[in-house]
Amino acid sequence: MRYLPHTKEDIDSMLEKIGKPSIDSLFDSIPDQLKTNEPLDLPDALTEWELDEHMLGVEQSIIASGQCTYFIGAGSYDHYIPHAVKYLISRSEFMTAYTPYQPEVSQGTLQGIYEFQTMIAELTGMDVATASHYDCGTALAEALLIAVRKKKKKKVAVSSLIHPAHKQIINTYLAPGGYELLEIPYNEKGLTDFSKVPDDDIAAIAVQSPNFFGNIEPMELAKKACDDKKVFFVASFTEAMSLGLLKSPGSYGADLVAGEGQSLGLAKSFGGPGLGLLAGTNKQMRNLPGRLVGKTTDTNGDRGYVLTLATREQHIRREKASSNICSNNGLNALTAAMYLASAGKTGMREIAQQNHDKAVYLKGKLSEAGFTFPFDETPFFNEFIAKAPAGFAETRKRLIRDRCIYAGLDIGTYFPDLKDHYLFCATEKVKKEDMDNLALEVKSL
Amino acid sequence: MRYLPHTKEDIDSMLEKIGKPSIDSLFDSIPDQLKTNEPLDLPDALTEWELDEHMLGVEQSIIASGQCTYFIGAGSYDHYIPHAVKYLISRSEFMTAYTPYQPEVSQGTLQGIYEFQTMIAELTGMDVATASHYDCGTALAEALLIAVRKKKKKKVAVSSLIHPAHKQIINTYLAPGGYELLEIPYNEKGLTDFSKVPDDDIAAIAVQSPNFFGNIEPMELAKKACDDKKVFFVASFTEAMSLGLLKSPGSYGADLVAGEGQSLGLAKSFGGPGLGLLAGTNKQMRNLPGRLVGKTTDTNGDRGYVLTLATREQHIRREKASSNICSNNGLNALTAAMYLASAGKTGMREIAQQNHDKAVYLKGKLSEAGFTFPFDETPFFNEFIAKAPAGFAETRKRLIRDRCIYAGLDIGTYFPDLKDHYLFCATEKVKKEDMDNLALEVKSL
Amino acid sequence: MNHPGTSGLIFREPELWEKSRAGRCAVSIPESDVERAPLNTEYTRDSLELPELYEVDMVRHYTRLSQWNFGIDSGMYPLGSCTMKYNPKTNEAQASRDALASVHPLAGEEYTQGALKLMYDLERHLSAITGYDAVTLQPAAGAHGELAGMLIIHAYHEKNNDQRSKVIVPDTAHGTNPASVTLCGYESVNVDSGKGGILTPEAVEAVMDEDTAGIMVTNPNTLGLFERNIKEIADIVHAKGGLVYGDGANMNAIMGIVKPADIGIDVLHLNLHKTFSTPHGGGGPGSGPVGVTSALEPFLPVPVVEKNNDLYTLNLDRPDSIGRLHTFYGHFGILVRAYSYILSMGAEGLKNASEYAVLNANYLKESLKKTMNLPFDLPCMHECVFNDKNQQPFHVSTMDIAKRLLDYGFHPPTVYFPLVVEGSFMLEPTETESKETLDQFVQAVEAICREAEENPEILHSAPNITKVTRLDEVSAARKPCLKG
Amino acid sequence: MNHPGTSGLIFREPELWEKSRAGRCAVSIPESDVERAPLNTEYTRDSLELPELYEVDMVRHYTRLSQWNFGIDSGMYPLGSCTMKYNPKTNEAQASRDALASVHPLAGEEYTQGALKLMYDLERHLSAITGYDAVTLQPAAGAHGELAGMLIIHAYHEKNNDQRSKVIVPDTAHGTNPASVTLCGYESVNVDSGKGGILTPEAVEAVMDEDTAGIMVTNPNTLGLFERNIKEIADIVHAKGGLVYGDGANMNAIMGIVKPADIGIDVLHLNLHKTFSTPHGGGGPGSGPVGVTSALEPFLPVPVVEKNNDLYTLNLDRPDSIGRLHTFYGHFGILVRAYSYILSMGAEGLKNASEYAVLNANYLKESLKKTMNLPFDLPCMHECVFNDKNQQPFHVSTMDIAKRLLDYGFHPPTVYFPLVVEGSFMLEPTETESKETLDQFVQAVEAICREAEENPEILHSAPNITKVTRLDEVSAARKPCLKG
Ligand SMILES: Cc1ncc(COP(=O)(O)O)c(C=O)c1O
Ligand SMILES: Cc1ncc(COP(=O)(O)O)c(C=O)c1O
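Chains as they are written, first to last, in the numbering used here: chain A, 1 to 445; chain B, 1001 to 1445; chain C, 2001 to 2484; chain D, 3001 to 3484.
Chain A extracted, bound-state conformation (with noise of 0.2 Å):
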């Protein structure tokens, strides 16, 4: 095997060094009737180009490539990723290595994070941003678990419209503590309805922003209701891009910021692995689980940096830790800082704005179409809620397998309410070609 170096004479010289007779030998720490007897079962291995041709057989049972159409979102969103990004990113110097514990030889991931950190503060409007989170859901979650802890309540509300699968994350991460979601409506401009926010004793308020149909919500409400109930207020968005062009929830009092990073040059890749954003107010610093990258000196003055508030995590703390995360999803934050550095302050600007004309272009050819709006005067980033004329689910079947266009995303499941609803989303790869196309098929029904 390609991988393992050992020659025979290899063996027998270790062997001999151990003084052992077999390489069976070695194992006799382990009791006998606990070893296993028989092979593994599994397939018979590939070469490289026996791999290479099942993967080209896996790819091939997918329907899915870079020329695709995909007027879905819903929490994973198809930006262009410029080819700089993904050279650099594959540099094994990058990809290789492990955290930074030893940060003499670490000053690459180290100063790159450090700069991922510094960006995601001011494309949050936070104080400080930590080294990543797995995704937008877990880093919601544990948000929500400090708010809990601070503050000692039992609950939670949550906007109806944050992403359904960052409920049920939630739900997970709070169920064996014992605390408990309540959901806050939403009302008929498909917004979170602040005005009923549940009487209990809780702890934060969290709200997404755009929202899971798309819409902007109105960031002031939220947080006045939190300043009202005097609890954490807890903001997330799983559109980075969004905010090129909007408000950070920074900028409207959130104390923690919970938010997803794919948009910012990483493939979708079947949901993962995506990339965690969590960010605080400098109060909240030592209370953020994971990671954190600080600036120091070396010993000849010299500027380099370092893990730093290890006091927070689990190596250090143990059971006292504020989370139990150890590996994060560095390499990501890494990829999303060239992303950043490249978009830059007005690439960033510009493709956001993008992405919202393209969506209200698309909102305005399927309203052509026959679709109509349940929430048409909300206004909203590059996601919008359509209701879908009779016979379209058949239509958008055929346009999957025959040209893969992915013409939204059918919310009936998440919102029996919602029957006939679809998620749509435009973002700055899709072409105006493509949604006159689409309205086209639509309307030919």
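Just so you know, the hints here were simulated from the structure itself, not pulled from any lab data.
Mixed in with the good hints there might be a few duds.
Covered stretches of chain D (chain A as the covering partner; in silico rule of three or more C-beta atoms under 8 Å from a C-beta of chain A) [claimed, not checked]:
1) 3028-3039
2) 3042-3056
3) 3080-3092
4) 3221-3227
Part of the chain C face toward chain B, derived, beta carbon under 8 Å [unchecked claim]:
5) Ser2020
6) Gly2023
7) Val2027
8) Tyr2054
9) Arg2064
10) Lys2089
11) Thr2090
12) Ser2294
13) Glu2297
14) Pro2298
15) Val2302
16) Pro2480
17) Cys2481
18) Gly2484
Beta carbons are placed, not taken as given, at the ideal position from N, Cα and C, and that holds for glycine.
Got chain A sorted already, so can you dock chains B, C and D with the ligands onto it with the hints?
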């Protein structure tokens, strides 16, 4: 434009420093009447994602992919390329460096090429190999120029079974010096007929093995003919893989060897860039064109590598140089070194053997399908000539169009006597199943 | 000199924003083909202060940064407990295939059969390796797998109306173990591994009771020793109604040799970014699948990949499930890499990997034990733990030796973990290091230990040839500067 | 300190065969699915002594080697005459597209229309940029383009039954020029560029005669000066029946500003690996297309890509052709990159590139002229040539300054070329360097020139922080060791 850093402020302050009022004025030293007034007639600039789309269109108008089946070689071979090689050669320290004129910051390229030279010398059985040439054809032409210059003769005798394109290249290179190429005919075995070397006053005999028909030449006869005539023995090969199995040209006593190294980890890429190999005996060392890397020591006595024997080269010798070559195919030489280091001693042998095995099997199958073989008894490596049954040309077209199977190369255009004859090739990538299917398709004609 | 470390030219590089100049941009964005649709300024931000670079600046920035890093491709990286084995290039090529990179998580089952089948098959392969009846691929990392496992144990007791308050965790455990216990609402109860370096049935017996939900065991443990009493311990825990959690981060020692499911462990997580060769990426992303016995299968997180008549589906309808742990299906891109690795290795290859990992560790142990102190001089599994006792008389610590190794061109081992060994120096060579490299490493440690006696200063100032010297971590933590 | 160079950890690495161990192999080869067919041992070799490595060894070997190299992505690389501009990553991505990498050169025209069209269009684009009626993409490098051009000139005179024996080459010419002249059977006749640094009509007039086939002119020339008398010179040459060859390696100065075809140049080569951003690859492969006026079109090498009714074909049937220069169609993979570059830049982008290349060079010239001696203090084009006259009194040479620049983290300029300037120090920044980088470079040269006065030793020993110090080139050439 994202490659250009110049901001308005940069330009202004630089112009100020220079003391010029405008960019245009930087070109004042060019007489106005020599300037062009119109913008260049080029298509509108494309952004990266527009370029991706455009290039996808180019791809789609070519019938080719990694999944096609190539029963066609003739100087460009479909071998497997390990992913590790592709990754390593893409590292920008290799890719974006210039010729290693500053050895202190080019040791990577230099050691890499030194190792390449070493492995090519071993593969060809020669004393010295250069740091590469453009391709086999140009290397071969240069080898023959060495011969005519050294022997002070006006003619060279070249096997009629070297690659037809190489004959043309040799003619092109020889013509202006008033040199002449004489062909040595081939015999009924599909081998060069060394009993028919022209009687003229020649400087060299050139022979390719395996020859263009895929047949293994009787190199000892070539050597004998050269000795008899006291001329240079120049050997060539287009399929470097053959040397994993076959005796080296050096072992037969060649003075100069030209070869094509594309098989060693390089994509076919419509025929270029490939990799010209050029090697010689020690006696020819100072006659060789192009760069050579040598081992030496630095001021601390540490091992290091430099470009050496530059007094042969144009940048030192100008009109007296042994050739005009400057840029060579260095990165491809490094790729080939990576390939050879990966396959190594046992891998090269095994892959080469499989090429031969598959070609033998293919011949058997084609025989069943009604092909006949004009040189049936002659040993070959991975290519051979087969005469097609009637109607095959149509089947072949269909196979390309429908299934991207390239079933042999029609050599009628190169050898009008051999109408309906095809040059077939089988590499390690061809599967038994592919060959069985091909035979079935032909049989069902 | 025989060791790889030397010094050479590298490049300084400022922080991104120090390179920024107004008006530059490293991406080219097409003119929009639709009309501009301005959003009400009530919603739009006034500023977004990101750096402005052109493409060359961006490329140089990250090229230079990369050169300050040490990766597995740079040299031996014997971080104990981290299994820094070679990350095959072919895995990266497979994971970046167009369809695999482009597939949308909500595209729909019918259009993503290949992706679901890959997950299904990977679960089957991990089952074959560990012996479990069911596997979930959803956890995003090892610690996330631990959380999943603890939640499953929690749910199991809940379902039995027998909720408990404690979980036993040995002192050798990785920090994530007690932290996961806490995160799951349990109290972590310590148990000492004792002088043999492994758990004794007696010690567990002494703390196990009917209010204890279970125990977390790492086997082989972080001392590199096989917990040979695991079966008895499991019996004790099971007898009191508890469950046994296995931290499978050290699975690299026992593939094809021990199946955790056979030895009394009810639920186990794996680290694909250790045993299964996926890259660590400077901290992640990894993946931490969890295997469970059939009794615990109902509690697995949703969705579960199922196969019905050759059709692969995602089942969300599982009433006893602990719920969802990841927005979609876990770190699919990492799964592709691990899947590629398993297919490349096959049964024999994986067993060989474990055999050679153990051979390498024992070889290092034997080669170094005359130089450094070996607190547990026992046959080890995939790793072995030394410490600085022999060097302390010269005022040289584990940290000094570790830092000096950098000058010699080796990544240091894990230091000061596990906590049960003072000044621990924890070596895990993995199977992908050759004997020559191990010999070079041994010579380096020997040379350093000689230096410790003869010239301790050079260790105290180490590393001496890296881009930066030792960093002031105290000030970093005291006055945190977490952004520029 | 403001300059980028510093020292850091890198890794020694032995030669491949020093790492070799019998039995290792870094590729996995499937069992053959056909029977073994042994070849008569009369034909088979006994041994093939290649190194035996496993994949990790191979990957580390080349990773480490790469880190000893300086590339454009590492830093500024102002090699005069080499146009070391940024090599866009997108070009690499395009060239490695599956179909473009896989297409077989003899697949047949009907099945490779996309590849032929790309070549056809690239020819058209290069025509637009240079003004020529026809372009061949076949030459594999600049020197190969020169050969093609000289052959065309040769064929032209041959056709006219007017063969000649000499070609005029100015002293500023690149070494490939006279070498190409010789290779084509002509004698190279020198002409001095004179004290203005450019050719004068008088000087050319003096040597041009009816036995002279033509002249090779590089414009802008290698002093970075525009040959403003080119038109008069061309007239002189043409009047005597000669042709004008243009070495277009310096085209980066004049895109969109001057079309060589408009100024009397009959045949011109381009270096795609300079002006058109394709990578130099540590020496190649490059590509050297040649443009010609319609009068010379019949002589272009075969095959020629043609378009007939939207069908692209390869025409071999061209009786006056010089013949073939490359086994297939030249360096297609490089053509794809240049094509991608031209499409990415567009007309305005290319013109900007030239404008900024010239701006950068003039900025460097003005910034450095108080520090180093500038033999030709004239407005320059894309490059400028200094020398070491100011430093000679301190026994410091151009070589010393160049080597010391390495310590500062910059690649040195081209040194000791062009030959017309003693100790020349030839700077070509290209347009892809920013003002900040140029300023850093200027500061570095200034600092070095101060060191030259104050501490010349540090220049003599330079480079001091690279992996190796200055190498013994004399012994290397005297006792050549060309293989291991
Ligand atoms: C023994 C052990 N358990 C658990 C973990 C946690 O894994 P992860 O970092 O993937 O969360 C580690 C990682 O270092 C480990 O070594
Ligand atoms: C002016 C000039 N002409 C010709 C050449 C030769 O080009 P190539 O190296 O591609 O053969 C060069 C290359 O350095 C050059 O600078």
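So, going through the hints one by one against the coordinates:
no.	hint	result
1	3028-3039	holds (count 3)
2	3042-3056	holds (count 3)
3	3080-3092	holds (count 4)
4	3221-3227	violated (count 0)
5	Ser2020	11 Å, violated
6	Gly2023	4 Å, holds
7	Val2027	6 Å, holds
8	Tyr2054	5 Å, holds
9	Arg2064	11 Å, violated
10	Lys2089	4 Å, holds
11	Thr2090	5 Å, holds
12	Ser2294	39 Å, violated
13	Glu2297	37 Å, violated
14	Pro2298	41 Å, violated
15	Val2302	35 Å, violated
16	Pro2480	34 Å, violated
17	Cys2481	29 Å, violated
18	Gly2484	21 Å, violated
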